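Undergrad: As a plain string of letters, each chain reads:
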Amino acid sequence: MAPEKELVQLIGFWGSPYVLSVRWALKLKGIEYEYHEENLLKKSPLLLQYNPVYKKVPVLLHNGKPLVESLMIIQYIDETWKQNPLQPQDPYERAKTLFWAKFAHEKCIAPMVSSFFKIGEEQEKCVKEACEHLRTLESALEEGKRFFGGETIGFVDIAAAWMGCWARIIEEILSVKLIDEEKMPRLIAWFSNVVEVPALKECMPPTQNLLEHNIKFRKFLVAAAERLQSVPLTGN
Amino acid sequence: MAGDELILLNYWISMFGARVRIALEEKGLNYEYREENLQNKSPLLLQMNPVHKKIPVLIHNGKPICESNIIVQYIDEFWNDKTPLLPSDPYEKAQARFWADYIDKKLYDSGRKITWNKNKEEAEEGKKEVLEIFKVLEGALGDKPYFGGENFGYVDISLIGFHMWFYAYETIANFSIEAECPKLMAWDKRCLERKTVAKSLGDPKAVYDIVLKSRKIKGLD
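Chains as they are written, first to last, in the UniProt record's numbering: chain A, 1 to 236; chain B, 1 to 221.
Treat the hints with care, since some could be wrong.
Listed below are the simulated DMTMM-like cross-link pairs for lysine to aspartate or glutamate, each with C-alpha atoms no more than 20 angstroms apart in a straight line [to be verified]:
1. B:K189 to B:D143
2. A:K102 to A:E129
3. A:K107 to B:D109
4. B:K53 to B:D104
5. B:K53 to A:E132
6. A:K107 to B:D104
7. B:K106 to A:E106
8. A:K102 to B:D101
9. A:K82 to B:E77
10. B:K82 to B:E25
11. B:K93 to A:E79
12. B:K195 to B:D76
13. B:K144 to B:E92
14. B:K213 to B:E170
15. A:K102 to B:D109
16. A:K107 to B:D101
17. B:K54 to A:E129
18. A:K55 to B:E129
19. A:K82 to B:E92
20. A:K177 to A:E124
21. A:K27 to A:E37
22. B:K53 to A:E138
23. B:K53 to A:E129
24. B:K63 to A:D90
25. A:K55 to B:E132
26. B:K53 to A:E106
27. A:K65 to B:D101
28. B:K82 to A:D90
29. A:K128 to A:E106
30. B:K54 to A:E106
31. B:K93 to A:D90
32. A:K56 to B:D104
33. A:K82 to B:D89
34. B:K105 to A:E106
35. B:K135 to B:D109
36. A:K102 to A:E142
Please keep in mind that the hints were generated in silico from the structure rather than gathered at the bench. Given the structure is predicted, the values throughout are model-derived calculations rather than measurements.
Construct the entire structure; sequences and hints are all you get.
TA: Here is the structure:
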């Protein structure tokens with residue numbers, strides 16, 4: 001059976017970690033794709049057409065058919081291209097993988113990201129919540145294992161290990177502590193093990209660029225909040 | 001399969017627990033149902049779901065699976081010889097997951113604005129959001145009998161548990177889902193005709209009574 005001509009396109013933003021995780025999946029599977037950079041301040045008609053519900057990146061187009069939400073895109077990629085499987089075959093192990101990817105996204109990454117959009121007490125609350133759940137994630141990592149599932153890179157790694165880099169950026173800009181060197185040694189080792197994989201390292205945007213972009217973004221958010229409140233905010 | 005031990009830890013009013021009950025029934029599986037008192041969680045629940053300490057939890061031969069949509073996917077994958085709940089085509093599967101995820105992200109929180117409202121404004125806001133979500137879902141349903149097409153499946157299972165809460169939403173926020181979203185209510189009636197659904201859902205009026213009692217205890221009324 002002749003292979004169908006595959007057209008794979010990714011609509012993304014260079015600074016988005018969710019887009020990065022999809023790029024990681026495509027890279028590990030050896031899938032060629034066209035990349036379209038989106039200006040998030042002026043979303044294209046294409047993006048609004050292909051993701052009318054959330055209007056966000058990443059959007060994967062496979063032969064013109066859209067897929068959205070990074071975790072679900074990665075699942076789709078894994079199920080459509082069978083080489084280098086990212087998820088375990090066993091249903092129980094798959095369920096565990098999905099559980100931890102969901103936990104990482106909803107309980108660690110979400111409050112971390114939220115903290116960036118907040119100030120004062122609300123920001124502190126988000127940071128505290130993120131730290132608490134990061135400690136749970138730490139305990140889910142097994143001592144001595146290179147990746148989340150073992151010695152082979154997999155779903156949870158590419159879904160979430162990028163959070164180490166973004167956590168450091170948030171820490172620097174907000175002057176908060178998310179990653180505790182003493183309490184989270186396994187997390188720190190895991191972040192580094194994943195990000196140092198050559199194929200994945202190639203896709204990483206330069207940390208300096210991410211830092212500069214997010215400093216600007218934070219200034220913009222603070223200024224917008226100040227305009228609403230019409231008093232200057234204390235803190236970062 | 002002979003020798004499979006299945007235990008479901010649940011609280012009957014949970015729209016999430018309902019998903020698992022329906023999936024087990026659709027697959028014709030025998031299981032032990034254990035009602036949890038969420039004010040006094042059992043040692044088994046705390047042991048089997050130490051991360052979230054929540055129901056539903058499915059325990060299969062001693063191994064726990066948590067998070068309702070993950071449990072339903074597990075049930076579908078493990079007992080893959082009968083009554084498929086998810087489509088086999090990867091793209092259609094992705095679509096099904098998308099809508100179940102949308103329901104998870106949106107409906108529960110907006111519904112809570114109604115049931116646990118601190119004032120009329122919050123209830124009204126919840127009502128508007130819930131109706132918006134229902135309209136989007138009606139769009140996804142289209143003219144099909146079920147979300148996946150001709151057969152009852154994953155997205156239907158994801159949503160139908162909320163049926164138990166419709167009466168509470170309508171009564172507290174004073175509106176009629178039928179009047180605003182007749183297509184969705186037609187789908188709702190269709191699903192309730194299935195034995196697997198009817199036996200898995202609690203009585204909506206009983207759910208409403210529990211909400212009222214809880215509201216009094218929380219000092220909201």
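Undergrad: Now tell me, hint by hint, if it's right for this structure.
TA: Do the hints match the structure? See the list:
Between K189 of chain B and D143 of chain B the CA atoms are separated by roughly 15 angstroms; this keeps the pair inside 20 angstroms, and the hint holds. As the CA atoms of K102 of chain A and E129 of chain A are separated by approximately 16 angstroms, the hinted pair is consistent with the 20 angstroms bound. A threshold of 20 angstroms between alpha carbons decides the hint, and for K107 of chain A with D109 of chain B the separation of about 16 angstroms falls inside it, so the pair holds. The suggested pairing of K53 of chain B with D104 of chain B holds, with an alpha-carbon distance near 18 angstroms, which does not exceed 20 angstroms.
Between K53 of chain B and E132 of chain A the alpha-carbon distance is near 15 angstroms, which keeps this suggested pair within the 20 angstroms criterion. For the given pair, K107 of chain A sits about 15 angstroms from D104 of chain B by alpha-carbon distance, which is consistent with the 20 angstroms threshold. Simply put, K106 of chain B and E106 of chain A have alpha-carbon atoms about 14 angstroms apart, close enough for the 20 angstroms limit, and the pair holds. At roughly 11 angstroms between alpha-carbon atoms, K102 of chain A and D101 of chain B fall within 20 angstroms of each other, so this suggested pair holds.
Proximity of K82 of chain A to E77 of chain B is assessed by CA-CA distance (about 17 angstroms); at most 20 angstroms being required, the pair is judged to hold. With a CA separation close to 12 angstroms, the supplied pair K82 of chain B and E25 of chain B stays within the 20 angstroms bound. At most 20 angstroms may separate the alpha-carbon atoms for a hinted pair to count; K93 of chain B and E79 of chain A meet this at roughly 10 angstroms. Annotation: proposed proximity of K195 of chain B to D76 of chain B holds, straight-line Cα distance about 19 angstroms (limit 20 angstroms).
For the given pair, K144 of chain B sits about 15 angstroms from E92 of chain B by alpha-carbon distance, which is consistent with the 20 angstroms threshold. Between K213 of chain B and E170 of chain B the alpha-carbon distance is near 17 angstroms, which keeps this suggested pair within the 20 angstroms criterion. Of the pairs offered as hints, the one joining K102 of chain A and D109 of chain B holds, with about 18 angstroms between alpha carbons and a cut-off of 20 angstroms not exceeded. Simply put, K107 of chain A and D101 of chain B have alpha-carbon atoms about 16 angstroms apart, close enough for the 20 angstroms limit, and the pair holds.
The suggested pairing of K54 of chain B with E129 of chain A holds, with an alpha-carbon distance near 18 angstroms, which does not exceed 20 angstroms. At most 20 angstroms may separate the alpha-carbon atoms for a hinted pair to count; K55 of chain A and E129 of chain B meet this at roughly 18 angstroms. Restraint check: the Cα-Cα separation between K82 of chain A and E92 of chain B comes to about 17 angstroms, which is no more than 20 angstroms; the hinted pair holds. Of the supplied pair hints, the one linking K177 of chain A and E124 of chain A holds, its CA atoms being roughly 10 angstroms apart against a limit of 20 angstroms.
For a cut-off of 20 angstroms, the pair hint linking K27 of chain A to E37 of chain A stands: about 17 angstroms separates their Cα positions. The straight-line distance between the Cα atoms of K53 of chain B and E138 of chain A is roughly 18 angstroms, inside the 20 angstroms bound, and the hint therefore holds. Under the criterion of a C-alpha separation no larger than 20 angstroms, the hint pairing K53 of chain B with E129 of chain A is consistent with the structure, at around 16 angstroms. About 13 angstroms separates the Cα atoms of K63 of chain B and D90 of chain A, which keeps this hinted pair within 20 angstroms; it holds.
Between the alpha carbons of K55 of chain A and E132 of chain B the distance comes to roughly 16 angstroms, so the proposed pair stays at or under 20 angstroms and holds. Restraint check: the Cα-Cα separation between K53 of chain B and E106 of chain A comes to about 16 angstroms, which is no more than 20 angstroms; the hinted pair holds. At roughly 19 angstroms between alpha-carbon atoms, K65 of chain A and D101 of chain B fall within 20 angstroms of each other, so this suggested pair holds. The suggested pairing of K82 of chain B with D90 of chain A holds, with an alpha-carbon distance near 18 angstroms, which does not exceed 20 angstroms.
Simply put, K128 of chain A and E106 of chain A have alpha-carbon atoms about 14 angstroms apart, close enough for the 20 angstroms limit, and the pair holds. Restraint check for K54 of chain B and E106 of chain A: satisfied, since their Cα atoms lie roughly 15 angstroms apart, inside the 20 angstroms limit. Between the alpha carbons of K93 of chain B and D90 of chain A the distance comes to roughly 18 angstroms, so the proposed pair stays at or under 20 angstroms and holds. Our distance criterion of 20 angstroms between C-alpha atoms is met by K56 of chain A and D104 of chain B, whose separation comes to about 18 angstroms.
At most 20 angstroms may separate the alpha-carbon atoms for a hinted pair to count; K82 of chain A and D89 of chain B meet this at roughly 14 angstroms. Note on K105 of chain B and E106 of chain A: the hinted pairing holds, with a Cα-Cα distance of about 11 angstroms set against a maximum of 20 angstroms. The hinted pair formed by K135 of chain B and D109 of chain B meets the criterion: a straight-line CA distance of about 17 angstroms does not exceed 20 angstroms. Between K102 of chain A and E142 of chain A the CA atoms are separated by roughly 18 angstroms; this keeps the pair inside 20 angstroms, and the hint holds.
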